[in-house]
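Asker: Spelled out from the first residue to the last, the chains are:
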Amino acid sequence: MKALARRRSVSDRIFDFCNIVFMLFLAAVTLYPFLNMLAVSLNDAMDASKGGIFLMPRIFTWYNYEYTLREAAIFHSMLISFLRTTLGTLVAVFCSAMVAYTVSRQEYVLRKWVALAFILTMYFNGGLIPTYLLYKELHLLNSFWVYIIPGIISAFNVIIIRSFIEGIPEGIIESAKIDGAGDFTTFMRIVLPLCTPVLATVSLFVAVWQWNSWFDVFLYNSSNINLSTLQYELMKILQSSSGSMTQKTVGDVFSNTGGQALNQVTPTSIRATMTIIASLPIIMVYPFLQKYFVKGMTLGGVKE
Amino acid sequence: MARKSWLGKLAEQRTLLLMSVPFVLWLLVFRYIPVWGWSIAFQQFRPGTSPFDQEWVGFRNFKFLFQDENFYQVMRNTLAMSLINLVLGFVTAIVLAILLNELRSVVFKRTVQTISYLPHFISWVVASSIIVTALSTESSGIINLILMKLGIIQEPILWLAEGKYFWGILGISEVWKNLGWNTIIYLTAITTIDPAQYEAAEIDGANRLQRILYVTLPGLKSVIVILLIMNLGNILESGFEPQYLLGNGLTAEYSENLDLFVLKYGIAMGNFSLATAAGVFKTVISIILLFGANHIAKRLGQPRLF
Numbered sequence: 001m002k003a004l005a006r007r008r009s010v011s012d013r014i015f016d017f018c019n020i021v022f023m024l025f026l027a028a029v030t031l032y033p034f035l036n037m038l039a040v041s042l043n044d045a046m047d048a049s050k051g052g053i054f055l056m057p058r059i060f061t062w063y064n065y066e067y068t069l070r071e072a073a074i075f076h077s078m079l080i081s082f083l084r085t086t087l088g089t090l091v092a093v094f095c096s097a098m099v100a101y102t103v104s105r106q107e108y109v110l111r112k113w114v115a116l117a118f119i120l121t122m123y124f125n126g127g128l129i130p131t132y133l134l135y136k137e138l139h140l141l142n143s144f145w146v147y148i149i150p151g152i153i154s155a156f157n158v159i160i161i162r163s164f165i166e167g168i169p170e171g172i173i174e175s176a177k178i179d180g181a182g183d184f185t186t187f188m189r190i191v192l193p194l195c196t197p198v199l200a201t202v203s204l205f206v207a208v209w210q211w212n213s214w215f216d217v218f219l220y221n222s223s224n225i226n227l228s229t230l231q232y233e234l235m236k237i238l239q240s241s242s243g244s245m246t247q248k249t250v251g252d253v254f255s256n257t258g259g260q261a262l263n264q265v266t267p268t269s270i271r272a273t274m275t276i277i278a279s280l281p282i283i284m285v286y287p288f289l290q291k292y293f294v295k296g297m298t299l300g301g302v303k304e
Numbered sequence: 001m002a003r004k005s006w007l008g009k010l011a012e013q014r015t016l017l018l019m020s021v022p023f024v025l026w027l028l029v030f031r032y033i034p035v036w037g038w039s040i041a042f043q044q045f046r047p048g049t050s051p052f053d054q055e056w057v058g059f060r061n062f063k064f065l066f067q068d069e070n071f072y073q074v075m076r077n078t079l080a081m082s083l084i085n086l087v088l089g090f091v092t093a094i095v096l097a098i099l100l101n102e103l104r105s106v107v108f109k110r111t112v113q114t115i116s117y118l119p120h121f122i123s124w125v126v127a128s129s130i131i132v133t134a135l136s137t138e139s140s141g142i143i144n145l146i147l148m149k150l151g152i153i154q155e156p157i158l159w160l161a162e163g164k165y166f167w168g169i170l171g172i173s174e175v176w177k178n179l180g181w182n183t184i185i186y187l188t189a190i191t192t193i194d195p196a197q198y199e200a201a202e203i204d205g206a207n208r209l210q211r212i213l214y215v216t217l218p219g220l221k222s223v224i225v226i227l228l229i230m231n232l233g234n235i236l237e238s239g240f241e242p243q244y245l246l247g248n249g250l251t252a253e254y255s256e257n258l259d260l261f262v263l264k265y266g267i268a269m270g271n272f273s274l275a276t277a278a279g280v281f282k283t284v285i286s287i288i289l290l291f292g293a294n295h296i297a298k299r300l301g302q303p304r305l306f
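Chains as they are written, first to last, in the working numbering: chain A, 1 to 304; chain B, 1 to 306.
Mixed in with the good hints, there may be bad ones.
[Said to hold, decoys possible] Pairs of lysine-lysine residues, derived as DSSO-like cross-links and limited to a Cα-Cα distance of at most 30 Å, are as follows:
#: 1; chain 1: B; residue 1: LYS164; chain 2: B; residue 2: LYS264
#: 2; chain 1: B; residue 1: LYS282; chain 2: B; residue 2: LYS264
#: 3; chain 1: A; residue 1: LYS112; chain 2: B; residue 2: LYS221
#: 4; chain 1: A; residue 1: LYS291; chain 2: B; residue 2: LYS221
#: 5; chain 1: A; residue 1: LYS136; chain 2: B; residue 2: LYS264
#: 6; chain 1: B; residue 1: LYS282; chain 2: B; residue 2: LYS63
#: 7; chain 1: A; residue 1: LYS295; chain 2: B; residue 2: LYS221
#: 8; chain 1: B; residue 1: LYS221; chain 2: B; residue 2: LYS282
#: 9; chain 1: A; residue 1: LYS291; chain 2: B; residue 2: LYS9
#: 10; chain 1: A; residue 1: LYS291; chain 2: A; residue 2: LYS136
#: 11; chain 1: B; residue 1: LYS298; chain 2: B; residue 2: LYS282
#: 12; chain 1: A; residue 1: LYS112; chain 2: B; residue 2: LYS109
#: 13; chain 1: B; residue 1: LYS109; chain 2: B; residue 2: LYS221
#: 14; chain 1: A; residue 1: LYS50; chain 2: A; residue 2: LYS112
#: 15; chain 1: B; residue 1: LYS109; chain 2: A; residue 2: LYS295
#: 16; chain 1: A; residue 1: LYS136; chain 2: B; residue 2: LYS63
#: 17; chain 1: B; residue 1: LYS298; chain 2: B; residue 2: LYS221
#: 18; chain 1: B; residue 1: LYS282; chain 2: B; residue 2: LYS164
#: 19; chain 1: B; residue 1: LYS149; chain 2: A; residue 2: LYS50
#: 20; chain 1: A; residue 1: LYS136; chain 2: B; residue 2: LYS282
#: 21; chain 1: B; residue 1: LYS4; chain 2: A; residue 2: LYS177
#: 22; chain 1: A; residue 1: LYS177; chain 2: B; residue 2: LYS9
#: 23; chain 1: B; residue 1: LYS164; chain 2: B; residue 2: LYS149
#: 24; chain 1: B; residue 1: LYS264; chain 2: B; residue 2: LYS63
#: 25; chain 1: A; residue 1: LYS112; chain 2: B; residue 2: LYS4
None of these hints come from the bench; they were simulated from the model. All values reported here derive from a predicted model rather than from experimental measurement.
Model the full assembly from the supplied sequences, consistent with the hints where possible.
Answerer: Take a look at the structure:
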């Protein structure tokens with residue numbers, strides 16, 4: 001008996017060891033690119049072009065960040081990114097929750113029809129061209145509102161919030177009604193506060209989606225630099241440096257003609273800096289809110 | 001108390017009505033009207049002309065599409081990238097979920113999970129920037145550096161300039177970005193497996209590998225089937241952003257998929273009708289595949305999506 005237990009523990013230990021080594025490798029492969037970008041962005045650009053920067057900057061400088069953020073177009077695009085993220089998230093979460101509340105009310109005579117109208121949209125969409133032509137008709141092209149209005153409600157979010165509301169004891173809602181509260185008051189005062197966990201999860205997903213969007217900028221607002229976002233500016237830099245496979249200047253984005261001889265930037269250093277700026281908000285909130293991210297995934301999974 | 005009429009009830013519920021009907025109207029405009037826009041595929045659409053004044057051409061756009069050689073290349077690329085992503089994504093996620101489940105230290109497991117989910121939340125623009133850097137031929141290109149150190153290649157390779165590498169780069173990029181995230185659903189499913197099954201297997205003398213093969217994997221079967229059905233319905237959705245961001249003129253022969261085709265013909269070349277026809281084709285095939293896979297799963301007595 002003892003021998004058996006010991007024999008197993010040897011092969012088990014080898015397995016465990018290999019498993020841990022593999023996991024460390026995986027973690028390294030995931031994190032290295034970010035740390036490398038960070039190191040390059042904090043290193044003197046000319047020195048970085050000699051190579052050999054891996055995890056730590058060799059000649060530390062904030063100059064790349066200074067240079068990038070001094071560029072008016074970049075700074076403005078950052079403001080637009082923040083604006084669309086906050087406003088877009090607030091509007092989307094509030095509207096989705098409101099619809100979710102109405103379709104959770106069993107007595108609502110239109111409940112099934114409203115729910116069906118939303119659920120159907122999960123299976124098809126109009127596609128790129130009809131959507132583009134519609135936005136054009138609605139004068140949403142060249143407008144900030146194209147970031148907000150088309151995304152106010154997603155059927156998926158409504159379903160997640162509804163199933164959470166249905167888990168609230170009916171008695172709580174009933175007693176509010178008996179106290180004379182109408183549906184809107186009940187929703188605002190009772191249901192919304194009780195929904196905080198699910199609203200946090202949905203907000204997080206909408207916020208990440210808003211922050212990361214670049215395609216709608218490209219499609220609808222690319223002619224208006226005042227509506228550009230951080231992701232789109234990074235995308236332009238990416239296209240100008242990788243498209244031709246050569247070290248082109250990023251002249252169309254950065255009109256400045258270099259700096260002093262010492263403090264110069266290169267396309268590589270600017271791209272690294274922009275990459276860090278564009279991912280920093282997510283990387284910063286991520287460790288603290290990780291459980292909400294995962295909750296959203298499992299909440300969604302339950303309904304499938 | 002007499003039963004109230006339907007309209008009476010509706011009047012009583014006017015608050016609920018006010019809280020939902022505006023959004024249904026929004027839904028009609030932003031989600032349903034674009035579907036009506038599919039009619040463009042059957043017209044010779046001229047922008048600037050009233051939607052009711054367009055010339056109807058039947059299936060001419062579709063005929064043109066199916067005679068276009070470029071379209072077959074696009075279909076090949078779409079299917080190839082989809083299948084590579086599907087197989088790579090499935091296998092790596094299942095293997096990682098099982099390996100994570102075998103870790104003894106809960107803290108270590110949580111840490112690895114947290115790290116592995118991270119790339120899922122960054123944008124494809126940021127991910128592409130990272131990938132371009134890693135694959136570059138300059139000194140910052142870690143992939144070329146490692147391969148040269150190992151003596152596998154003699155000179156740096158221009159990875160993103162040659163079409164033959166594109167599908168592989170894309171598949172690995174997708175894995176890098178979504179591997180951790182994709183394990184969540186399997187890890188959740190593993191927690192529902194009855195621990196008594198593992199104990200029974202252990203008493204029967206099953207070793208670790210046998211327990212994985214005969215207890216864990218069968219326990220994941222229904223999740224795998226459901227995900228497979230969902231993914232088969234999406235086989236024409238090979239992704240859009242990474243192809244657009246990582247592809248370029250040199251690799252277009254391999255990187256251009258259906259979505260890029262629609263973008264190119266529709267937005268860049270202004271042929272709205274042909275682009276819409278390609279989009280309609282994609283949606284119709286997707287719905288057929290989804291219902292087909294669901295039906296087969298039902299026949300086989302497997303869990304279904306709906």
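Asker: If a hint holds in the structure, say so; if it does not, say that too.
Answerer: Evaluated hints:
At most 30 Å may separate the alpha-carbon atoms for a hinted pair to count; B/LYS164 and B/LYS264 meet this at roughly 22 Å. Of the pairs offered as hints, the one joining B/LYS282 and B/LYS264 holds, with about 16 Å between alpha carbons and a cut-off of 30 Å not exceeded. For the hint pairing A/LYS112 with B/LYS221, the CA-to-CA distance comes to about 33 Å; that exceeds 30 Å, so the pair is violated. As the CA atoms of A/LYS291 and B/LYS221 are separated by approximately 26 Å, the hinted pair is consistent with the 30 Å bound.
About 18 Å separates the Cα atoms of A/LYS136 and B/LYS264, which keeps this hinted pair within 30 Å; it holds. Distance hint between B/LYS282 and B/LYS63 is fulfilled; the C-alpha atoms sit about 15 Å from each other, no more than 30 Å. Of the supplied pair hints, the one linking A/LYS295 and B/LYS221 holds, its CA atoms being roughly 23 Å apart against a limit of 30 Å. A hinted pair counts as satisfied when its Cα atoms are at most 30 Å apart, and B/LYS221 with B/LYS282 qualifies at roughly 29 Å.
Proximity of A/LYS291 to B/LYS9 is assessed by CA-CA distance (about 42 Å); at most 30 Å being required, the pair is judged violated. Using a Cα cut-off of 30 Å, the hinted pair A/LYS291 and A/LYS136 is violated, with the two alpha carbons roughly 40 Å apart. Among the hinted pairs, B/LYS298 with B/LYS282 is consistent with the structure: their alpha-carbon atoms are about 24 Å apart, no more than 30 Å. Between A/LYS112 and B/LYS109 the alpha-carbon distance is near 43 Å, which puts this suggested pair outside the 30 Å criterion.
Of the supplied pair hints, the one linking B/LYS109 and B/LYS221 holds, its CA atoms being roughly 23 Å apart against a limit of 30 Å. For the proposed pair A/LYS50 and A/LYS112, the alpha carbon gap of about 65 Å is over 30 Å, so the pair is violated. For a cut-off of 30 Å, the pair hint linking B/LYS109 to A/LYS295 stands: about 17 Å separates their Cα positions. Using a Cα cut-off of 30 Å, the hinted pair A/LYS136 and B/LYS63 holds, with the two alpha carbons roughly 28 Å apart.
This hinted pair checks out: B/LYS298 and B/LYS221 have alpha carbons roughly 15 Å apart, not beyond 30 Å. A hinted pair counts as satisfied when its Cα atoms are at most 30 Å apart, and B/LYS282 with B/LYS164 qualifies at roughly 25 Å. Using a Cα cut-off of 30 Å, the hinted pair B/LYS149 and A/LYS50 holds, with the two alpha carbons roughly 18 Å apart. For the hint linking A/LYS136 to B/LYS282, the alpha-carbon distance of about 23 Å falls within 30 Å, and the restraint holds.
About 19 Å separates the Cα atoms of B/LYS4 and A/LYS177, which keeps this hinted pair within 30 Å; it holds. Only pairs whose Cα atoms come within 30 Å are accepted, and A/LYS177 paired with B/LYS9 is accepted, the gap being roughly 16 Å. In summary, the hint linking B/LYS164 to B/LYS149 is supported, as the alpha carbons are separated by about 23 Å, within the 30 Å threshold. Using a Cα cut-off of 30 Å, the hinted pair B/LYS264 and B/LYS63 holds, with the two alpha carbons roughly 19 Å apart.
A C-alpha spacing of about 19 Å is found between A/LYS112 and B/LYS4, which places the hinted pair at or below 30 Å, so the restraint holds.
Comparing the model with each earlier hint shows violations of hints 3, 9, 10, 12 and 14; every other hint is respected.
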